[in-house]
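Just so you know, the protein sequences line up as chains A and B, in that order.
According to this note's numbering, the stretch in the first sequence is residues 1347 to 1489, in order.
According to this note's numbering, the stretch in the second sequence is residues 182 to 383, in order.
Any given hint could turn out to be false.
Ranges between beta-carbon positions, derived for each pair [to be verified]:
hint : chain 1 : residue 1 : chain 2 : residue 2 : range
1    : B       : 235       : A       : 1465      : 39 to 49 Å
2    : B       : 346       : A       : 1448      : 16 to 26 Å
3    : A       : 1451      : B       : 278       : 16 to 26 Å
4    : A       : 1358      : B       : 210       : 44 to 54 Å
5    : B       : 303       : A       : 1363      : 28 to 38 Å
6    : B       : 303       : A       : 1417      : 35 to 45 Å
In silico lysine to aspartate or glutamate, EDC-like type, Cα no more than 16 Å apart, as pairs [claimed, not checked]:
hint : chain 1 : residue 1 : chain 2 : residue 2
7    : B       : 251       : A       : 1421
8    : B       : 251       : B       : 200
9    : B       : 251       : A       : 1412
The hints are simulated quantities; they were obtained by calculation from the structure and are not laboratory data.
Idealized CB from N, CA, C, for every residue including glycine.
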Amino acid sequence: MDCSYSRERINKFIDGELGYLEVAELQGHLSFCADCSAELAQMSEVRGALAAWGRLELAPSPGFAERVTAAVELEPAPGAARPFGRAVDDALGRLDETLGCIPLPGGHTIPVKNVIGWGLAAAAVVIGLERRHLRRSRELEPS
Amino acid sequence: MAASNLHKWATLPDPSPAELARAAEGDAQAFTLIVERYQGMVYSVAFNVLGNHTDAEDAAQEAFLRCYRKLPQFRSEATFSTWLFRLALSASVDYQRRERRRPEPVDVPDLVDEGSPDLGDGVTAATLAAALHDLPDDYRVPTVLRDIYGLPYQEIAEATSRPLGTVKVMVHRGRASLRLRLRAEGARSAAAHAGAGKRGAA
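For reference, chain A alone in the conformation it holds in the complex:
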């Protein structure tokens, strides 16, 4: 196992994505490669520092809560009648939550509602073309 390969595995090891045999293989490499052992130790230190940093609670500047309250007071009450655009956004958002997404290769996803929408649009186009074809056929028929 060369070191660039092993370094990729160190990240996978940290993420808990290695199988039993891969862990054993990595451990075998670490037992004689001081560079990779040092890298694993340093990566663990970085992750430990990030976790500790995330546990600190940072404070916004004084008066932040008052500024948020002032912005909230300009809003309509949450349950009140809302502008049409936001009501549509909310309805589409709820539709997405209900219908979910279809996973695609490469980690992409596509909302089910979009697929349904495209399907309906395609069906409308096909029906329109069919009706046009029928109309022309009737026009060409000898009377």
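Given the coordinates of chain A, assemble chain B onto it according to the supplied hints.
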């Protein structure tokens, strides 16, 4: 949810159903109490994602506005802090994708609790804040979501609209950059100490 650093805020008592109902009916004072209780959590999330104070405050305010608008949709199956944490994360990631980052000198914000800013292994809060600040957005955001908040890679890919493989590479590079940066800082600080020791001995 795998948010490793949520437990701290999950221990905060949730607002009572009566408080939430008052806020959802448009009682600004009731909502202010919620803001005062959770502003540290929401601002911390925004600062970690965005890396500077001004953008973090804007995104934190946006998160609270989303919270206010969506309060009638809150269901008590999740704790309020978990729900608000999710809103803070999505508001911050959306802000990062929408707005150009403001160039600001690195600054460690004040801490809410009196606590030691030493993060272990000789890494100080100021060193880590500077290292995170200097990471490009493409590396910092997925690294923060993964290694500070413990989100699964798939969820990070969805939040940032990037392919799963790309997100993994970005996290790996983010970790590697932080490692090099913290190592360089460690070496610089050790050299400074050694220099001071020699001057003291002389």
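Hints and how they fare:
1. Separation of residue 235/B from residue 1465/A is about 45 Å and conforms to the stated range, judged on CB atoms against 39 to 49 Å.
2. With their beta carbons about 19 Å apart, residue 346/B and residue 1448/A fall inside the hinted range of 16 to 26 Å.
3. The hinted range of 16 to 26 Å is satisfied by residue 1451/A and residue 278/B, whose Cβ atoms lie roughly 23 Å apart.
4. Between residue 1358/A and residue 210/B, the C-beta spacing of about 51 Å keeps the proposed range 44 to 54 Å intact.
5. Between residue 303/B and residue 1363/A the C-beta distance comes to about 29 Å, which sits within the given range of 28 to 38 Å.
6. A hinted range of 35 to 45 Å for the beta carbons of residue 303/B and residue 1417/A is consistent with their spacing of about 42 Å.
7. Between residue 251/B and residue 1421/A the CA atoms are separated by roughly 12 Å; this keeps the pair inside 16 Å, and the hint holds.
8. Our distance criterion of 16 Å between C-alpha atoms is met by residue 251/B and residue 200/B, whose separation comes to about 15 Å.
9. Of the supplied pair hints, the one linking residue 251/B and residue 1412/A is violated, its CA atoms being roughly 20 Å apart against a limit of 16 Å.
Hint 9 from the list above is the single one not met by this structure.
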